[in-house]
Amino acid sequence: MTTKYTKNFGLALPDFRQGPWHDLVNKDFETIDALVFGAMSQAEVAPWENSHAYSVGITVLDASDATVWMCVAAHTSAAVPTTFAEDRAIRPGTWTRLLTGFAPRGEWAQSTQYFPYDLTYDSGRGIMALCTIRHLSTAIGSIIDDKINWAFLIDMSDIGLMTANAVSYSNVASSIPKTNVQEAIDFLEEQVVLLDEVNVTQGAEIDAIQTKNTTQDTRLTSLETKTTGVITATHFVATDNVSTQFGGLATIGYYMDTVNAAVRPPGNGTIYFQSQGGAINYGTIGNGAASFHGALNAAGPIKGGGLEATGGGVYISGWAGNPNISVIFLNAAQSHYMYHDANGAVSFAGVPSVHANNGRLWGSLDALPAAPNTVINGRLAYAGDAAGPANTMYEPYAGAVITGMQYNVFPSDSRVGVAYGRYRYLQLHTTSWFTVGYA
Amino acid sequence: MINHGKWVFYQPKVLPKNAPANALFAKRESDNVDWYDYVNSGKFNPYTLKLTVAAREKDGPLIISAPTKDATMLFPANHLVVELNGDYPSSQTERIDKFAGRVFNLKTGKISEPPRLPEVESVLDKILARLNKLEQRK
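For the protein sequence lines, the chains are Z and Y, in the order given.
No gaps in the numbering here: position 212 of the first sequence is 212 in the working numbering, and each next residue is one more.
No gaps in the numbering here: position 122 of the second sequence is 561 in the working numbering, and each next residue is one more.
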């Protein structure tokens, strides 16, 4: 015969004396026991009290976490201020928890009594677990060390850290040339290191400048306060054309007007050139009785309105084209002369004339130096114009040659006229000009 | 004005050193000084005008032959040499055009225009006139 079951809780309704009748009935009683226990365990339960004698089967409420407990060993609870949880910890095995569902137990704790269906979590590790067996949690470690007593509903403890190079981000605003967080961080760190290095370098340079500035300040202060003695400096350099000024009436000064810059003595002063050690003779340049003693050595051209040597001479040697020749060049672009601005002959090499034996003015077209009686130039110098008398040979300028002719007619009769000749003397230049003729 | 005197031809017994063999020589009539010695001894101012002047006919006016600033360009045989101050053309060609052939007054230093050419009677015109007279005879 088929066994029937109740509608709500599925209790077996076996026929009497029919096997396994007692098994089915006993199962029903176990089910009923559990149902009754569950129904009664949370009905009109009194809060737990201190210093109270509890007997087996008494059910109390732990008001701190709204859990219900049934006494399983008679005892007297601890006095105030011991809490129910502390009292249970003092005397484990005196209470058993009554459950009708999952019990939230908050953050997992060490050495704590846990019961089946307790829900706890480990927020640091991302673990949420359901207790599977009544136990006292481990005294050390975490819920992972107590893992055998729990069913982990959520366990993120073994996920670990997400690698930064797998995390992308937007670099639109920053323009950092990296597209993941790890490389971006590395890039920024590199920039920071570089900036730090620059900062260190510039710091060192600033220190050097400060040190040098202190040194120069000291030197400048020394110069500024110096009123006597000698100012010693490696050199003075004026780069703004106006700043170097040696004032006073007898010192050298650097003067500049709107057009020209020049070294000028102040007022009517004089620029002195004196040899080291204070020689008696020294050169001067000034606008008064100017003089210049000693050699003026010029590696390049000396340009100016004129070069005048009074009481001395201009010594030229070592022409670049031939070191054995000294040359004064006259620009060939126009007519230039070596000119003696006085009456009388020019003394050349101590002789009152230009003489081949003593030196001469040498022309660049001369192939060789002049020998005695060498003709170095020639010309036809104008002698005059003249007309000769009729029927008679006439030499108005004896020795001259005719270089031009003109025929003049009489106003009264164009058929009658007079012939004019232009006469010129042939002149040759040896050491001076001579008029020649009549070979 | 400086009158450097009248100069005449002469032939030195010994040629000066460096003189060409066919050199012409002149000496001053008054003191026999050689022209080349004179002209090369600083007697002339380089800025003045130098003239050679001579009469073309007996008792005629002095006519300017050569005007120049460089005295060495002159050869003054049979001429007077005078030196004048003043402003003169800078080129030799201009000086010749302006002064050559002009009359020079030795007393005043003035330069004037050359004498006009004499008027001449045409020989052909005289012959034609005589022929016309013969033809008109009857």
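Simulated from the structure, these hints should not be mistaken for laboratory data.
Please note that a few of the clues may not be correct.
Calculated lysine to aspartate or glutamate pairs in the EDC-like style (CA-CA distance at most 20 Å, straight line) [unchecked claim]:
| no. | chain 1 | residue 1 | chain 2 | residue 2 |
| --- | --- | --- | --- | --- |
| 1 | Y | Lys497 | Z | Asp33 |
| 2 | Y | Lys549 | Y | Asp536 |
| 3 | Y | Lys445 | Z | Asp155 |
| 4 | Y | Lys537 | Y | Glu574 |
| 5 | Y | Lys537 | Y | Glu552 |
| 6 | Y | Lys546 | Y | Glu522 |
Quick caveat, the model's predicted, so the values are computed rather than measured.
Hint by hint, here is what the structure shows:
| no. | hint | result |
| --- | --- | --- |
| 1 | Y:Lys497 to Z:Asp33 | violated, 191 Å |
| 2 | Y:Lys549 to Y:Asp536 | holds, 17 Å |
| 3 | Y:Lys445 to Z:Asp155 | violated, 146 Å |
| 4 | Y:Lys537 to Y:Glu574 | violated, 52 Å |
| 5 | Y:Lys537 to Y:Glu552 | holds, 10 Å |
| 6 | Y:Lys546 to Y:Glu522 | holds, 13 Å |
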